[in-house]
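Go ahead and model the full structure; you've got the sequences and the hints to work with.
2 protein chains.
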Amino acid sequence: MSDILTKRADDYAQWYNDLVLKADLAEHSDVRGCMVIKPHGYAIWEKMRDALDGMFKATGHVNAYFPLFIPRSYFAREASHVEGFAKECAVVTHYRLKSDPEKGIVVDPEAKLEEELVVRPTSETIIWNTYKGWIKSYRDLPLLVNQWANVVRWEMRTRLFLRTAEFLWQEGHTAHATRQDAEEETMRMLDVYANFAEEWLAMPVIKGVKTESERFAGAEDTYCIEALMQDGKALQAGTSHFLGQNFAKAFDVVFTNRENRQEHVWATSWGVSTRLMGALIMTHSDDHGLVLPPKLAPVQVVVVPISKNSEQLTAITRHVQPILRSLRERGITVKYDDDDTKKPGWKFAEYEFKGYPVRIAIGPRDLENGTVEVARRDTLEKEILRMTDLAEKIEHLLQAIQSNLYEKALQFREEHTRAVDGYAEFKQAIDEGGFILAHWDGTEATEARIKEETKATIRCIPLSGDPTPGKCMVTGAPSARRVIFARAY
Amino acid sequence: MSDILTKRADDYAQWYNDLVLKADLAEHSDVRGCMVIKPHGYAIWEKMRDALDGMFKATGHVNAYFPLFIPRSYFAREASHVEGFAKECAVVTHYRLKSDPEKGIVVDPEAKLEEELVVRPTSETIIWNTYKGWIKSYRDLPLLVNQWANVVRWEMRTRLFLRTAEFLWQEGHTAHATRQDAEEETMRMLDVYANFAEEWLAMPVIKGVKTESERFAGAEDTYCIEALMQDGKALQAGTSHFLGQNFAKAFDVVFTNRENRQEHVWATSWGVSTRLMGALIMTHSDDHGLVLPPKLAPVQVVVVPISKNSEQLTAITRHVQPILRSLRERGITVKYDDDDTKKPGWKFAEYEFKGYPVRIAIGPRDLENGTVEVARRDTLEKEILRMTDLAEKIEHLLQAIQSNLYEKALQFREEHTRAVDGYAEFKQAIDEGGFILAHWDGTEATEARIKEETKATIRCIPLSGDPTPGKCMVTGAPSARRVIFARAY
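Line order of the protein sequences matches chains A and B.
Numbering of the first sequence is given in our numbering, commencing with residue 1 and proceeding in unit increments.
Numbering of the second sequence is given in our numbering, commencing with residue 1 and proceeding in unit increments.
Hints listed in this document are in silico derivations from the structure and should not be mistaken for laboratory results.
Check each hint, because a few of them may be wrong.
Which copy is meant is left open, because identical chains are indistinguishable; a pair holds if it fits in one copy or across any two.
[What the hints assert, rightly or not] Within a straight-line C-alpha distance of at most 35 Å, the following computed DSBU-like cross-link-like pairs (lysine-lysine) qualify:
#: 1; residue 1: K98; residue 2: K112
#: 2; residue 1: K57; residue 2: K295
#: 3; residue 1: K103; residue 2: K87
#: 4; residue 1: K295; residue 2: K132
#: 5; residue 1: K57; residue 2: K382
#: 6; residue 1: K103; residue 2: K408
#: 7; residue 1: K87; residue 2: K455
#: 8; residue 1: K451; residue 2: K382
#: 9; residue 1: K408; residue 2: K308
#: 10; residue 1: K249; residue 2: K136
#: 11; residue 1: K207; residue 2: K7
#: 12; residue 1: K132; residue 2: K343
#: 13; residue 1: K343; residue 2: K22
#: 14; residue 1: K47; residue 2: K408
#: 15; residue 1: K249; residue 2: K427
#: 16; residue 1: K308; residue 2: K451
#: 17; residue 1: K382; residue 2: K471
#: 18; residue 1: K47; residue 2: K335
#: 19; residue 1: K393; residue 2: K57
#: 20; residue 1: K87; residue 2: K112
#: 21; residue 1: K335; residue 2: K295
#: 22; residue 1: K57; residue 2: K335
#: 23; residue 1: K47; residue 2: K57
#: 24; residue 1: K427; residue 2: K342
#: 25; residue 1: K112; residue 2: K382
#: 26; residue 1: K382; residue 2: K87
Next up, the structure:
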């Protein structure tokens, strides 16, 4: 199947699009900018969701559900928030259709809403309006709530998973009694995202804080995790916002503190979305198709019998049962594909293309020899293994694949991260791709000029790494430390 | 806390509303007809979702995700479908807000959509439009897809969980090569719903088929499970539709069959929603608050220490650890509430009100005696148990509670189900509440007259029970068998 896939070196964007479509991950719908997430893609997203949900619960969070619709006026209450989202809102204005003898089914003009409803692009406003009723005293805090939901942002240029008008995400919205508690929560969830990206997606990320111009609309500080894709472009994979008291003030949410004084509540919000699917694909996949870290693969091991007749198939099937059982006992998901309407070669190509981490093939010769052929998707290597302790060997192999994918991605990032000092050198480096560490004078004007001239943005001011001050590569003014530039998705 | 709850006998509707609000299950939002599902309510819904999702996967289904929005014209393609839903649609007409110097934030009239988008009230149309691209041959069938999603139906009179403008649900949409396959799928999913209702919600249900007037808009047959609430009113708890080839014809979805001929695809759809939360509450809860079947309780056992000082608390806490551990080893969810800012009496009331199935109290005397006090929520009985094999005893107790709730609900239903023959007798029976088995002549006119005169609807033509023919209680015309009438939610 890999012949149907554009090569990455030929056209990376086309390779990505081909892969998403042909590996049955997602497709465009007829509704502008909205995607259909197909079963294979959704199964991966479900694994992400379950893993993240477990991490949220382990850090004390609970789930809830808030309305899809936000009254227009709520939306307007936090000034910078509405400015950030107003230009890309789906707006509900009517609540009924009717039959028209000439035009067929039309919107009923009689059924106009008194106040229009915005389809949520994010839920700070409706949630903080609700929290007003939930929070009275410091005893009600912290309030640690997460929501899994769909949101809509009317993007003009869309790409499957990376930028779609509707997407799926989670949004945490927490309320705290003190600035310090809220700041700690912001960092805690940033760490959860970073750990999730590295341990589950096998995707190394850099934690940092956004510059003012890249900040979430309504936040005091936006923290992010940034990953580097194989084409040298950056991808923001998750954000955690310290909202200060902005939304509490906009929605008048006050509490009685321990000193019996009224105070506005402190807030955070944090989210990751189906965009992570795009990050996953662009971090590991290759010209042969999808490559999935075993921890997120819907099926980790596929077993394919190689038989010339039904007698052989029966013998193999009988032989395979204890292998399947012992794999499942170790919590490994496995599929035995004994569909005899399809040839083994077709199956091999299909499972390789769709990213099954390990493929086991068993033929009559293997039965005689007590062996199997094991192929790993990440390196495409094959080896003959004895059946003794096979499940244990496969378990180790899956762990090795998970680690290898991470190490490979980390090595790629390290090879594509460098510090530059001069602006000319910077421009050349940006054209070559990767993360560029450079000094910046901290002004929005310089940031905008660099973006204008090079299409590079400041991905973040990293939380770790070399903190040495220097001079801005553009203006020569003092710089507190190097920041990370890249072209980005 | 039970003093804040209206008694069921005084005002059942008020009792329900009080309970949903005060047990922190859900509340009304400021958005007309939309609810906020609070963490305690959402945790129960999550348990339902996970159990159902497992049952769907065990019957070969996969999950996917389709767009929230449906173009107006798609919606209109299946005639009876649009007729059924057009009157209650939220319609998106614009995609941008803007600042107006006088009015503040307003809808930007420049950003009007060429074709309006309907917020999905159900997804048959958008999904069948997608299936057109997925189905070419009988080899692509059956296609067994489910979606977990939010949907919007602009209901004018709403009640928390039972009838809300936005609700959460799952909708299965399957495609088959033959009528028989689709009919079998319709019945398979009806059975899944019935088993789920009985085994997880501990709620007995009657399986049946709807009359034509109660059929889903676009279906050839609608099957349902019907439950009886404590006030004698029926509640439709799930539906499974045989759609024939209606949507395949509307969206031109054909496949090449085994005989190499082009044929329209056969379809089913089936769904249950957060309405099940209402069914759960009204089946088991009482004047003391929520009663939850252990299999759906977010926390099954709460352990409350009874101590006069911190020394006692420390001793109890130490003593409790192996109990918590052995409960968790059996897969029982347990909370140890050692919050010493709240009195045991307050905690008892709180956990009783919120429906924790089992409460264990341990005081200093218990430590001496090697005992604990165990209270079960369903019967409110308490007993002193020796600590030996406590986890095993609790596991059996949870099973006993689950069974007892089912048996109690079944007994209630049996006591409130009866056959009547005359129309006068029927009217009186309907006023008394419950399921009434009566003969009906099979016409829409008679059904409408009965509804008009008694507010009773035909809940279903049951699939089992006495199939003896008779004469319609209203017209005297022949009746194929008794059907089930009730007033309903």
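Each hint, compared with the structure:
For the identical chains of this complex, K98 and K112 are neighbours both inside a copy (13 Å) and across copies (19 Å), given an alpha-carbon limit of 35 Å. In this assembly of identical chains, K57 and K295 lie within 35 Å of each other by CA distance both inside one copy and across copies; the values are 19 Å within and 19 Å between. In this assembly of identical chains, the alpha carbons of K103 and K87 lie at most 35 Å apart whether taken from the same copy (30 Å) or from different copies (17 Å). Taking CA atoms no more than 35 Å apart as the test, K295 paired with K132 passes between copies only; the shortest distance there is 33 Å, against 40 Å inside one copy.
Taking the shortest Cα distances, K57 and K382 sit within 35 Å of each other only across copies (32 Å), while inside one copy they are farther apart (40 Å). Within a single copy, K103 and K408 get their C-alpha atoms no closer than 59 Å, and across copies no closer than 55 Å, so neither meets the 35 Å cut-off. When the C-alpha separation of K87 and K455 is checked against a cutoff of 35 Å, the pair qualifies only within one copy, where the shortest distance is 22 Å, while the shortest distance between copies is 49 Å. For the identical chains of this complex, K451 and K382 are neighbours neither inside a copy (46 Å) nor across copies (70 Å), given an alpha-carbon limit of 35 Å.
For a Cα distance limit of 35 Å, the shortest separation of K408 from K308 qualifies neither inside one copy, at 39 Å, nor across copies, at 59 Å. Taking the shortest alpha-carbon separations for K249 and K136, only the intra-copy value of 15 Å comes in at or below 35 Å, while the best inter-copy value is 57 Å. Taking identical chains as interchangeable, the C-alpha atoms of K207 and K7 lie at most 35 Å apart only when both belong to the same chain, with a minimum of 31 Å there against 55 Å between chains. Taking the closest pair of Cα atoms, K132 and K343 come within 35 Å of each other only across two copies (27 Å); inside a single copy the shortest separation is 62 Å, beyond that limit.
For the identical chains of this complex, K343 and K22 are intra-copy neighbours only, at 20 Å inside a copy versus 61 Å across copies, given an alpha-carbon limit of 35 Å. Taking the closest pair of Cα atoms, K47 and K408 come within 35 Å of each other only inside a single copy of the chain (22 Å); across copies the shortest separation is 39 Å, beyond that limit. With identical chains, the CA atoms of K249 and K427 are never at most 35 Å apart, being 43 Å at best within one copy and 57 Å at best between copies. Proximity of K308 to K451 under the C-alpha cut-off of 35 Å is found in neither arrangement, the shortest distances being 62 Å within a copy and 66 Å between copies.
Taking identical chains as interchangeable, the C-alpha atoms of K382 and K471 are never at most 35 Å apart, the minima being 52 Å within one chain and 74 Å between chains. In this assembly of identical chains, K47 and K335 lie within 35 Å of each other by CA distance both inside one copy and across copies; the values are 17 Å within and 27 Å between. Both within a single protomer and between protomers do K393 and K57 lie at most 35 Å apart by alpha-carbon distance, with minima of 32 Å and 28 Å respectively. Proximity of K87 and K112 under a CA criterion of 35 Å is satisfied in both settings, with 22 Å inside one chain copy and 13 Å between copies.
Taking the closest pair of Cα atoms, K335 and K295 come within 35 Å of each other both inside a single copy (16 Å) and across two copies (30 Å). With identical chains, the CA atoms of K57 and K335 are at most 35 Å apart both within one copy (30 Å) and between copies (14 Å). Taking the shortest alpha-carbon separations for K47 and K57, both the intra-copy value of 15 Å and the inter-copy value of 14 Å come in at or below 35 Å. For the identical chains of this complex, K427 and K342 are neighbours neither inside a copy (52 Å) nor across copies (63 Å), given an alpha-carbon limit of 35 Å.
In this assembly of identical chains, K112 and K382 lie within 35 Å of each other by CA distance neither inside one copy nor across copies; the values are 64 Å within and 57 Å between. In this assembly of identical chains, K382 and K87 lie within 35 Å of each other by CA distance neither inside one copy nor across copies; the values are 53 Å within and 61 Å between.
Taken one by one, the earlier hints fail for this structure at numbers 6, 8, 9, 15, 16, 17, 24, 25, 26, listed in ascending order.
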